[in-house]
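Student: Listed in order, the protein sequences are those of chains A and B.
Take 272 as the starting number for the first sequence in this note's numbering and just add one per residue.
Take 33 as the starting number for the second sequence in this note's numbering and just add one per residue.
Honestly, I wouldn't trust all of these hints.
Far from chain A, by Cβ distances over 10 Å, these chain B residues were calculated [said to hold, decoys possible]:
1) K128
2) V172
3) T183
4) A216
5) R294
6) T297
7) R314
8) P315
9) L423
10) K464
11) L466
From the structure, some residues in chain B lie toward chain A, with a derived Cβ separation under 10 Å [unchecked claim]:
12) Q287
13) A339
14) S402
15) A405
16) P415
17) V425
Heads up, simulated EDC-like pairs for lysine to aspartate or glutamate below, C-alpha to C-alpha not over 16 Å straight-line [unchecked claim]:
18) B:K333 / A:D309
19) A:K313 / B:D337
20) B:K120 / B:D181
21) B:K464 / B:D479
It should be emphasised that the hints constitute simulated quantities derived from the structure, not laboratory data.
Bear in mind the structure is a predicted one, so any value in this text is a computation, not a measurement.
All residues carry an ideal CB built from backbone N, CA and C; glycine is no exception.
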Amino acid sequence: MRGRTNAGLLVGGTLVGLVVLAALVSFFWTPHDPTLVDAARKLREPGGGYLLGADKFGRDTLSQLMVGARTTLYVGIVAVGIAALVGTPLGLAAGMTPRGWLSELIMRVNDLVFAFPALLLAVMLGAVYGAGTLTAMIAIGVATVPAFARVARAATLQVMVTDYILAARAAGRRRTAIAVRHVLPNIGSVLIVQASVSFAIAILAEAALSFLGFGTRPPTPSWGRMLQESQELLFSTPRLALWPGLAIAVAVLGFNLLGDGLRDHLDPKLSRIRGGEER
Amino acid sequence: MRRIGIWIAVGGLLLGTAACGSGGGNTGAGGGAAAGQTLAVGFVAEPANLDFTSTEGVAIPQALLVNVYEGLVKLDQSGQIVPLLAEKWEVSDDRKAYTFTLRKNVTFSSGAPFTADDVVFSLDRVATDWKLKIKSQLDVIDKVEKKDDSTVVVTLKRPSNGFLYSMATRLGAMFSRTGISDLANKPVGTGPYVLGSWRRGDSIQLKQNPSYWGTKPALSAVTLKYFKDATAMNNALLTGGIDVISSVQAPESLQQFADPNRFQTVEGTTNGEVVLSMNNGRPPFDDKKVRQAVRYAIDHKALLDTAWAGRGQLIGSMVPPTDPWYEDRTGDYPYDPAKAKELLGGKTYTVKMRIPNLPYAVNSAQVVKSQLAQVGITADIEPLEFPARWLDVVFTQGDYDMSIINHVEPRDMGIFADKSYYFRYDNPEFGKLLAAADEASEQDQADDLKQAAKLLSDDAAADFLFLFPNLIVAKKGVTGLPKNAIAESFDFTALAKQ
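The following block holds chain B by itself, in its conformation from the complex (with noise of 0.2 Å):
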């Protein structure tokens, strides 16, 4: 469970840019090829290098998977598992053999074929060569074969459910054997894109894969832009350095770009829940209580209204509303202060309220604190750097009582489940339902997770504040931005500009 630490890590320093969705299996415009048209779109975080195998962070898949790099399967909006380069696949009945049948006339960009034995390298090279905390989601794999060309079969240790969606993330990225020497610099993919230049500090270039297998997307090339700053980011977009802000990280600003002859906003869902953690190991938040208390004191609504412009959703646990298993659990602790008082029996206490120095948990903090006062809760907030203070003192020490921080890895609920971490939260029944979960048929596994949720929310293991909302703004007449941001990547696939 300590791959999340990073996860985090990077999910914060992004702010909820990390991860967006693809559009459909098909390419949207369908204007086909149109020579010339290029679009720009802005980002926060530049990456290191691009070798995803090797570098934490999300910034990497972000630009790369699905766009250069394709699986076997990936996520769609809706957050449904459909096929890319396995044209299908079939489960046995012990549910722990899976059977892909791949797309044939699948080359690399390099020129190589895509063939099986791909697949059983790169599968392969997930638990020898990758150094992401992250692979060991793979763990569950005993072997992957070679069936015949265009056929491979994956065996799994025990069933597993999340196995698949793994696949669906960068572990299940397809390498070329011939195309790894250099992965750092030279990305060499199946994808409708390959790179074109990159300028450090500033941009990527993505140009269009000429040999693409499926529909070629509408553009001969995008480019991602970087910005540190959100307000440099705004005006660039209104100035026409980019056409596309990938990620809004001033929401209140969004007026700037209300003109719908101009611009347009797509607001849809991510996996980002920002949560108001409690450190449950230690007083006063080991006091079930106490932590219910907070969670009756905060007026969620209000607070959203407040601190991130109304933007987002109200969840009320840790799933976010694009996981199958989800249901809205903002009823369990309605607004009431009266309630939270009495819980605390007349007593009062001081706790240190520890933040990472970001927009969206500085704002939250300001209005959790005031929410706090009312009920006899004195929250002092210390703005952490973020992300080193932060992960080192909160995340690692667990000093803290209070934090909060925008948990964006996909299907997190288990981090709950593991003691040490940082929210030191112990009940060994949510463990179990994970467990059982995981290896449960479908609608068990919904069942189960919703238990989980619930067991949660009930125990106030944490406050959910809001789910991070995936706001993007574009110039009018660029279409196939992606509504939700569920997956790892940014899919340029499907966009085209009018």
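Here chain A stands alone, though its shape is the one from the complex (with noise of 0.2 Å):
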């Protein structure tokens, strides 16, 4: 890090930085307004204040991204939140406790719920529940959680082998008060890191749900079902299909870039190897 520009880092941000302003641009205004059907408009070309064209609807083809990019966050910060604020707390029990019964229990119950895939979880909620954002969210949100759960508490372990562990430990504070005052500032690298991967598969889970009709309710625009809606369109207007899977790409490609790249910032060992290589 020091003296030296991390590309990943860089790159990732930029292109998180993209979709970020795409979606608060949105918020106050859209070239067109992305729901408006207008049929003189349909497979109108890009150009004339229609900067990528419009699709079978007549509708903005650039406003339907700026607006898809809303949800595509939306969803991602909400499944990544649920994940987070459920499988850190799961996964500090679980490390702070390694050879207890809720370690066991803890730990278990997460290889269930790994087993079980986040695309099948959300079709299953949305057939019972009625499929929506909502639903989709928090099926995603349900099957990260044991990642979180893991890495929290394979970082816990090595936390709690520290000699400031034990010298709290000594000085008698609480569980609580270790885990919270010690214990997860010190992970917290490691769980942005977590995060910022998680919010890329995220991305990617409400694509596809979305594509199968099981996501975002139209006409919320959404680059899943905007992908969906041109399948038919492929052969003859295949910018259609171009835009939204480019968005997606960027998206969970900035993601990854910037999870690899905070991984390389956050971690001290990491850092000082790479300083090491460059001597």
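Since each chain sits alone in its own frame, please combine them into the complex, following the hints.
Tutor: Right under this line is the structure:
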């Protein structure tokens, strides 16, 4: 890190920044109403106020992409939020009592949820409670909990054998205090990296669910549904599939690079090794 | 009227592939039975078994009726009832007795001869053994009697215009007295084809019946290949896996088949009215003015152009153009958002639009929502899994404000006469018109039904978005494709390959 630009962090940050910017701007302004159907503009070519053209309903593609970015981030934030808020305490608890029954219980239930594919869970929830953004977010979030719990547990195990934890225990601090004051701050960097990677997975999952018709409800723009709607026009108007596909790729790549970059940046061991190589 | 329920279910499921009409009475190609000529036709829903007397759904008659099983009469391409196993029929003056003269020298594929006894047997069996809800259509039959070996008299309880039409559906299919032991797997009929093989989950093959009484079909065999996905079916045609797509599910994709040197497109009509249903039984759509506002607020032409690539026809009421009492009612509610706003009186509404998760419905819903938003009605779209969830929530419980579904069953205006039907439309006058029509003379029947259709449109009982098109894509050189899909079967008898 020191004196060396982290390319992954830079590129990842830029791509994510682009998506976030598009989403933020869409709250105040889009070139056109993204859900306004207009037969006269059907499959309009790009240009003349319609930078990326219009789809088969005559809706402006750029406006749809911008509002779609909002949907994507919304799903990502809530899903990752659920996963982090539920998974981290579980992982902490399991990591701090490595040989207790609690740890066993948490990790076995964790394995159980791990074995269940996120998409299947989302499709099932959608069938029972009605498909929509909320059920998609919850399903993706629940399915991501085990990843957080595992990562948090592994990191906690490492931290628990350090001298400062021993010192804190010797000083008679309560477990919860140790967890919050000493463990959590020290595993934070690992969790941030995990959040970034999970975000990328959540974006893909939302797109897949919307593509299958179990995600965001029409007509709220969603990149996955834009792809699905362009499917039958793939041969005649490929740009309709190109743009949402590209948007998904950019967002997923961005969050993955950001996660990688953050890991390099935040992990002192890794940066020391790098530094050594340079010298 | 409950019987319609299952019909819609299946209809929506098949997305209107439901029914395909027959060609004329004779086979088209005239090429005789050139050995080895076969065709593969793509469909979207595979039957669970082959017994349409006990299993609901359009998939079975689509494959078997007219092809394997034949009735005394059938529907031709224009919707006329024409002779099939009956050479002719006479109707008594009181219109209660039908005397059918049967064709001679007809045998079942089992070798048994077809006689008047089989007719009596088949029609009696409808009431006693059939398990379908639609069998009530033949409740009007009082008795069926054999006069001699080739003459049968059917006596009705009251005059009915619907009777002969029902006889052209699967209800009128003729079974052999000795051929019903395994209907689910071994159909025995008098038709030009017999069941060859059935690879479950993949395809059904029909072979030519060597002892068919009429003109033998040009093909030695037809394979019905089943696809769950529209794109997969398109690709199968592009790569030569099938010769015909029986019903295009993604109309925008038709450009893939634009090359006239390789493909041909047949476009006709179906019985499928894509209806924007409104719950007449609860606010806000219990108010006629609000319903009328919705009809004025929708630009049907724009909807058809965007939601279904302009394929299909605008109708304006619950009657398809192939029915004799069709009138163009599209002028009743021209697109007029200003008038719609005026009818709403400045009020705004938020309604639940619960639709089946089928392509035509999801597409149409987005257009409807956008157009209703212009006049102050916010429609929250909620796609429900079809058929189970949609049937339960919307159709059975009636818990919805708006929905969109393709009503594929033929001559189905009567569903509006049932006030417990999910439209919750309640106008006694409409029911009276329909009852009168069934007993009236043919001319009065048409007049009554025209009036009924007008009443439905005036009351804005629902909005009628468009008539689902019959869209067939086939390889160049395939002939005898049915232009209109107005019967229950996909008629293979006229198909040929050049």
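Student: With chain A as the partner, please determine if B:S402 meets the hint condition of a C-beta pair closer than 10 Å.
Tutor: holds (4 Å)
Student: Verify the interface restraint on B:V425: the C-beta must sit less than 10 Å from at least one C-beta of chain A.
Tutor: Holds, because the Cβ-Cβ distance from B:V425 to chain A comes to roughly 9 Å (cut-off 10 Å).
Student: Minimum C-beta separation from B:T297 to chain A exceeding 10 Å: can you confirm that?
Tutor: Holds, since 15 Å exceeds 10 Å.
Student: Grab the minimum beta-carbon distance between B:K128 and chain A and tell me whether it stays above 10 Å.
Tutor: Since the minimum Cβ distance to chain A is about 51 Å, B:K128 lies beyond 10 Å and the statement holds.
Student: For B:T183, which was marked as not at the interface, is the minimum beta-carbon distance to chain A over 10 Å?
Tutor: holds (54 Å)
Student: Is the interface hint for B:Q287 satisfied, with its Cβ closer than 10 Å to some Cβ of chain A?
Tutor: holds (4 Å)
Student: Grab the minimum beta-carbon distance between B:A216 and chain A and tell me whether it stays above 10 Å.
Tutor: Given a closest Cβ separation of 29 Å, the condition holds.
Student: Checking the smallest CB distance to chain A, is B:L423 really beyond 10 Å?
Tutor: holds (14 Å)
Student: Given a cut of 10 Å on the nearest C-beta pair, is the interface hint for B:A339 held or broken against chain A?
Tutor: holds (8 Å)
Student: For a C-alpha distance cap of 16 Å, please report whether B:K464 and B:D479 respect it.
Tutor: holds (13 Å)
Student: Check the non-interface label on B:K464: least C-beta distance to chain A beyond 10 Å or not.
Tutor: holds (40 Å)
Student: Verify the interface restraint on B:A405: the C-beta must sit less than 10 Å from at least one C-beta of chain A.
Tutor: holds (8 Å)
The structure meets every hint from the earlier list without exception.
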